[in-house]
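Undergrad: Protein chains in written order, with the numbering used here: chain A, 1 to 247; chain B, 1001 to 1398.
Derived by calculation from the structure, the hints in this document are not laboratory data. Do not take every clue at face value.
As the list claims (entries may be wrong) - Chain A regions said to be covered by chain B (calculated; three or more residues, Cβ under 8 Å):
#1 88-98
#2 102-116
#3 136-148
#4 159-166
#5 217-230
Glycine included, C-beta positions come from ideal geometry on N, C-alpha and C.
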Amino acid sequence: MNLELNVHTLHYSQVNRILRKAIEEGKVNFKLYGVNGHRYLAAGISKKVKIEIYGTPGLDLGAFMKGPEIIVYGNSQDGAGNTMDDGKIVIHGMGGDVIGYGMRGGKIHLYSDAGYRVGIHMKAYMDKVPVIIIGGKAGDFLGEYMAGGIIILLGMFSRYPEKPIAGLFLGTGMHGGAIYIRGKVKESFLGAGLKPYPLTSEDEKLLETHLKEYCEDFNLNLSEIFKADFIKIIPYTHRPYGKLYAY
Amino acid sequence: MWNRTLISKEISGCGISGIIHKKGKLISGEVIIKSICCQEERGNGLGAGFAAYGIYPGMENFYTLHVMAENSYALELVEELLAHQTFLNYQEPIPTRKVKTIKNPPLFKRYFVRPKFEGELTEICDELAEDNYIVKLVMEINTKIEGAYVISSGKNMGVFKGVGFPDEIAEFFRIEEYKAFIWTGHNRFPTNTPGWWGGAHPFTILDWSIVHNGEISSYGTNKRYLELFGYKCTLLTDTEVVAYILDLLIRRHGLPLKVACLALAPPFWMEIDEMSEERELLTAIRIIYGSAMLNGPFAILFAYNGGLVGLNDRVKLRPLVAAEKGDLVYMASEEAAIRAICPDPDKVWAPKAGEPVIVELEPNTIPNQRSYLKGRPREEDENELRVKCAYTPLFASK
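Construct the complete structure from the given sequences, taking the supplied hints into account.
TA: Here is the structure:
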């Protein structure tokens, strides 16, 4: 039940149409070759299928999806995992801006660097806890307005040796969830109401679970990752913005 | 045909792409067409354009005015003015093709000219004075001649732009027939003013050309600031100010390119507060060039006879990706637009917000090559600014 396709000459709407039809017919494994800038791949699909992408998928890869596993052998562009609900995106290169925007479930594993505004407006409810793991460094506004979920930033596999691990305005407006960072960040880069904390044993367990899976995806050594200390960034009050508009 | 009463700016989300060959090797227009067409969804058919450098070999020493005109009467007026104010070396219609989807295009003509100075200044042939003369001439045509606009005015370069999708505009202007060492392309998605021929990108003055994705929210402030220096914004689109600011800061004020980019997209005060050595410089830039600062989301590519620069607003509200392969450097809104023409680049990266990607040709590669990495020496610029930039402060309205 496989489908292999070179999409080089096809428009993204054609590719998505073919994908959807094949999924309807019961196909579960897909390999797309020659992908370059094709938008909305697997967007809105709620079946447990596996899609391997060779090339550079376009904007909003896997937006609103609920279930598929997408593996990208290349870089992703902006908006990957936009508002995704469940499933997994594994990117073997670098990611664009606004990855995992408003994400409400599922996982994004990014091998290298992420752009700006990654994981903004992430949220969680009951057992739906979205996770983004970034192997490289992140741009400004990481986890801005975050309401739930987990972001893990490793800063290890970066193409920007000169940059700090995370940019300015880290977690601005954040009032839920947690950002784990391997290393340190300047406190002046943090949004208001946030503080770095050392890990608890529960945090360590959680990191180990998520990073184990991450290492399997990219064939990495888990003990290498744990050679440096992590910090955890969370809001230090329950409702840091509770009084913003009430005077 | 053109509603000139709409004196407002437009907001847009567009696609941009640029290529430069550092050794000055010429690249066919087909390449930039392929790249910009890969981002077709970023535009809506209301504007596209190309800037090309190195397309007029043999004519390198003449300013090439690309003139867009509503009718032949406007062209006649332009020609009359040029006859008085320039030595006209050569003129011809810009070759175009009929394209089904392009209805009622304006007339396009190009003029290869040199400035004709009056009186005692006739003997002077220094570059800065000549450039200033051409700037003044362009402003005069744009503001005084109804229905005529100069869409580019540099040496050995030209801009081709209009209303349509990039492939249509490329076909219309026969872009694939040109070869250039720098190309930029634009795909427009205007949302605030009608897409019209003059409002398409690139915007230019002299050999500066700008393509822009985003919105210059500070348009009003920038426009009024530029008016103090004789620049008139006539094309109803925010991006125009960027071309004039670059001309003012870099060519006339002699700022190094990097410093000018810091004026356009300065660091936040909170970042400046943490600086040690650069704190004084950055504070001075923000104070002196506060009115030249661009606010709002933007990713721009600008080019000149000698280089290509990519710059993002300081919080990266628009995408920009860069890549390198040998002597070629690419910049575009989407990585796919680069990979469409360079499938295996040596290096791909996402430029940091507010930090320019500057790529200049190797020294002495082309005639009249400009380099702006270093600022202009001081003794030159002060006199130049005082004596020869005596613009008429305000032009009479049309």
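Undergrad: Taking the hints in turn, state whether each one holds.
TA: Hints and how they fare:
no. : hint    : result
1   : 88-98   : holds (count 3)
2   : 102-116 : holds (count 3)
3   : 136-148 : holds (count 3)
4   : 159-166 : holds (count 3)
5   : 217-230 : violated (count 0)
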